[in-house]
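Trainee: Residue numbers (this note's numbering), protein chains in the order written: chain A, 1 to 641; chain B, 1001 to 1255.
Any given hint could be a false lead.
[To be verified] According to the in silico footprint, chain B covers these stretches of chain A (three or more CB under 8 Å from chain B): (1) 132-141; (2) 244-256; (3) 342-356; (4) 366-376.
No lab work stands behind these hints: they were computed from the structure.
Cβ atoms here follow ideal geometry from the backbone N, Cα and C, with glycine treated the same way.
These are the residues of each chain, in order.
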Amino acid sequence: MSAEATLHDATGHAHDGHDHHDPPFWKKYIFSTDHKVIGIQYGFTALVFMAVGFFLMMVMRWSIAYPDRPVPFLADLPWFQSWLDADGKVTGELYNMFGAMHGTIMIFLGVVPLAFGAFGNYVTPLQIGAPDMAFPRLNMASYWCFFLGGVLMFVSFFLPSGAAKAGWTNYSPLATTTDLGYANQFWTGQTQWLFAMALLITSSLLGAVNFIATIINLRAKGMTWMRLPFFVWAMLVTGFLLLLAFPPLEVAAIMQIMDRLVGTSFFVPTGLNVAGQPFDVAGGGSPLLYQHLFWFLGHPEVYVLILPAFAIVAEIIPCNTRRPLWGYKVMVYAAMVLGFLSFIVWAHHMYLTGMGTSVSTFFQTTTVLISVPSVILITSLLISLWGGSIRFNSAMLFATAFIPMFGIGGLTGLPLAFNNLVLHLHDTYYVIGHFHYVVAPGTIFALFAGIYHWFPKHTGRMMSEKLGQLHFWPSLIFMNGIFLPMFFQGMAGFHRRAFDGGAAYQQISSQLFMPGDSVFGGIFNFLFGRAAGQDILMIDLNLIMSASAWLLALAQIPFVINLFISVFNGKKVTSDNPWDATTLEWATPTPPPHGNFLTEPVTYRTAYEYSVPGADEDFLPQFVPDKETGAPEPAKVAAKH
Amino acid sequence: MNFDSINDALWMTEVASEHGAAGNHMLAVLHWFMGALAVGWGLFLVYILWRFRAKKQPKAQYHGVTSHFSTHLEIGVVIVEVVLLLGFAYPLWAKRVDDMPKDDPNVLRIRAVGEQFRWTFHYAGADKMVGLTDPFRISAATNAIGLVSEDPNAKDDFITINDLVIPKGRPVIIQVTSKDVIHGLALVPMFIQQDAVPGREIPMWFVPTKTGEWDIVCAQLCGAGHAQMAATLRVVEAEEFDQWYASQTPMLPKE
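Generate the whole structure from the sequences, applying the supplied hints.
Mentor: Here it is as structure tokens:
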């Protein structure tokens, strides 16, 4: 295999193309049907939205840490002032709005589009040796539905009512009764949230059918099911989750729109009395119906967030340990079981809605069962490291950190599986800590790893390792600084969604964390400029978490610099396969042209043949024929594995 | 050192109810289990990262781990989970819902009605029978909970606002509901909370074991005032409670 030759060929080819056959700019980069361009569009849009979601969170964390002080900087900005109270402080209403939108944006406009839309779109066709997705125009429609949904969400902040403020779960009746005072009910944040969600779900559905069709039909010659990289398997399962789980929420959104706009009452019970007045509805609806519809999406959604993370990490670990993925087949089956079980655990989000023993027994059992495939996946990744020759580049650092971070998120989910323990932990910071460990230092670390890993394929340049390290270590520290104290606060009885960080619940918030004369107390009081010897109360942990959140924002600066500088000034790759990886995307020219492969790719072996005994090199790419590898009897080795 | 102290080390709040002690114990079992897994996996990870770094291990092994340790570990995890389900989770939850002391003459019955942003507690009064309510009779000024005046059981019912008073050592059944949006009645030291869903009355029960005064937290987002929907839980000695109970005035005016 001569990587240089391919690279040379590609460069020459691309230059020819530029002058003669290229479609106009808007068709090539804006309304493109090329899965790679769409992937980058998804990725860029999602990163912008994640920055917005992060910003909302930083304002919220100010309010939690210092509820009685005006917000710095923002209180002086005219456009922001109108949201704050007269003293420039965050109000309960603004906090709820930012909280609802932080969750919505991070999940539906940040992580899912980046994980599934960007990485899935960019990598999947390349890894299966396809020229594009099965339905390129559907793919484009999917992106533009997502984009429109995002714009609607964003615009809703600037409506007279502001954006939605009934939590990211948007439970009725709160979601139905909020903002009813505005004359134009169509243009309220609550209503627009629903329209935007309908668009986002439509986008996901278009994407999901496309992924499923592509993976089933467009695999290259020789790419049998068990030769698929784990990444592709995870995307296939994710595709089915999106396809089957999202429609119920789309239905729920439409029903809630009708409750708000045309006077139906699907989710509103008889006899509601709001602000001392009987609420004028037909009645007869059920708030719990909405919760069922929402969580029927909501729980598979969790696996839509986590499976692509496993997918990315499972590509990076074999490549950087130089040995095969351990337990590939078991991981594939585990992912399928995980996907199936994720449809029958949803009511564990509703343990406190009045469940009898039989329903509770069912959901406790399925919830505990789902930990089995999760443990298999994470253990396989961990064991994959054993016996490797580990190369700690930026991608590998993030991928490695994913394992313990997801581990903490997974383990702390265990108590939450039990109805009896949820009596204490329900809606406390313990829950917030649990799911943020899964998604923030879990999935988002995996996404960072993916960016560092595939950046050279797309740009032909490497990202800076130094800046990568500078990004990783502070991110790891501050992520834990934000989320670890949440478990302690949760145990102490702190509940979520309090804009004052729990200050109104004095007896709970004033429990002792550490005496002021302890070592921790001394350091704490010094760092936060407090009187020496002052005791550290549970509520004071908010200061650590908030400071960590702001420092985490600073820790992203090296990443942003790295991303933009490396596009133009990064070290050029000297091969189409700079990491010496084995999967098909590294067989394409750099960057892959429209249509991806110069010649139709053929797959000769399983996906992770690293350090095969007797081979010339420590990696046997899927796309190199047996006779060129130097391995004595490679076919046998592959079969045995 | 007692077994449950692992929870205290994690800043578990004070637990002051009968079933809370059992719940706290189950949580301790889980935390020991989680701790063992976290420490074991963590040390294993650190060892691997040190042992198999490229500098020390320039050539990777194709086969890696060949033992079945991970399978055994997985089976071990499953066994612990089965024990947790059969030994703790199912029976403890059954006790919450199936063994509710509905017919115990000693039981204290209260309704908790959430609204933006306060709690109204509706006591049964001298006859120990909670009167009928009807949401269409709610009047902010005269009938905060919509009591049906024709119902004889309603005559002696009284209410308190944001002040839940209960006796130590007696079982309490609280019917939790809401007038407007979903709230959550969280009695943190009682190790219990319940969503307050409008249109439904969902019971929860517990037996307080300590006297004291604590915050009642609203556990479900209910609007702009959610964070400050604070109420007070007072657990008092039985005699003190009886005196307090007898001294309350019925909500409905005498005819």
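Trainee: Could you run down the list of hints and mark each one as holding or not?
Mentor: Status of the hints after comparison with the structure:
Counting residues of the segment 132-141 of chain A whose beta carbon lies closer than 8 Å to any beta carbon of chain B gives 0, which falls short of the minimum of three for the stated coverage. Evaluation of the coverage hint for the segment 244-256 of chain A: breached, as 0 residues show C-beta separations to chain B shorter than 8 Å, against a requirement of three. Given as covered by chain B, the segment 342-356 of chain A passes the check, having 5 residues with a CB less than 8 Å from a CB of that chain where 3 are the minimum. Against chain B, the segment 366-376 of chain A contributes 5 residues with a C-beta closer than 8 Å to a partner C-beta. That satisfies the three-residue criterion, and the hint holds.
Going through the hint list in order, the structure does not satisfy hints 1, 2.
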